[in-house]
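Q: Residues 466 to 602 in our numbering are what the sequence shown lists, from first letter to last.
Calculated directly from the structure, the hints in this document are not laboratory data.
Certain hints may be false.
For lysine-lysine, the following PhoX-like pairs were computed, each having C-alpha atoms within a straight-line distance of at most 25 Å [unchecked claim]: (1) 553 / 512; (2) 510 / 533; (3) 510 / 553; (4) 580 / 510; (5) 533 / 512; (6) 512 / 551; (7) 553 / 533; (8) 551 / 510; (9) 533 / 580; (10) 580 / 553.
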Amino acid sequence: MQRVIHIMVVEDDVLDQMEIRRTLERRGILHRLTIASTGEEALDKLKACDHAPDELPDIILLDLDLPKMNGLDVHALLQEHRLWRKIKAFVLTGASRREEIEAAIQPGIAGIITKPLRLENRLSSDSFNLMIDLMNI
466 MQRVIHIMVV EDDVLDQMEI RRTLERRGIL HRLTIASTGE EALDKLKACD HAPDELPDII
526 LLDLDLPKMN GLDVHALLQE HRLWRKIKAF VLTGASRREE IEAAIQPGIA GIITKPLRLE
586 NRLSSDSFNL MIDLMNI
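Please construct the entire structure, taking both the sequences and the accompanying hints into account.
A: Printed below as a string of structure tokens:
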């Protein structure tokens, strides 16, 4: 039996948020989605779980291009926290240049998913499939 996976999406674009939700539903992935529109909002939601670690997300999808605090800034703070560093982090990017995508590959980043979600893109498809596999562990 597939378990319900808790995914936090840190994305400021409402259309991208909706596309992620639709993609998860089309794939039949049982999920609980938490949305944060800014890095600061994501950190506030994570801090609220400090006394209830079971409420932390299993996976976090981080948009690279957020106002003020970008996805890599949020990821750096995740890595400093003993509970948060266990969350599987994936980067969401609209970048198409190889250099920009390679800059997002950092220790602790499980994969990169390009936006809009085009799962025919090999990099996005591989990362999305890895995310699904991690959910079933």
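Q: Against this structure, judge whether each hint is valid.
A: The hints, checked one at a time:
1. 553 / 512: holds, 17 Å
2. 510 / 533: With a Cα-Cα distance of about 17 Å, the restraint between residue 510 and residue 533 holds, given a limit of 25 Å.
3. 510 / 553: holds, 16 Å
4. 580 / 510: holds, 24 Å
5. 533 / 512: holds, 19 Å
6. 512 / 551: With Cα atoms ~14 Å apart, residue 512 and residue 551 stay inside 25 Å; holds.
7. 553 / 533: Cα-Cα ~23 Å, so holds.
8. 551 / 510: Measuring from Cα to Cα gives roughly 16 Å; hence the hint holds.
9. 533 / 580: Answer holds: residue 533 to residue 580 is near 20 Å, not above 25 Å.
10. 580 / 553: holds, 19 Å
No hint from the list above goes unmet by this structure.
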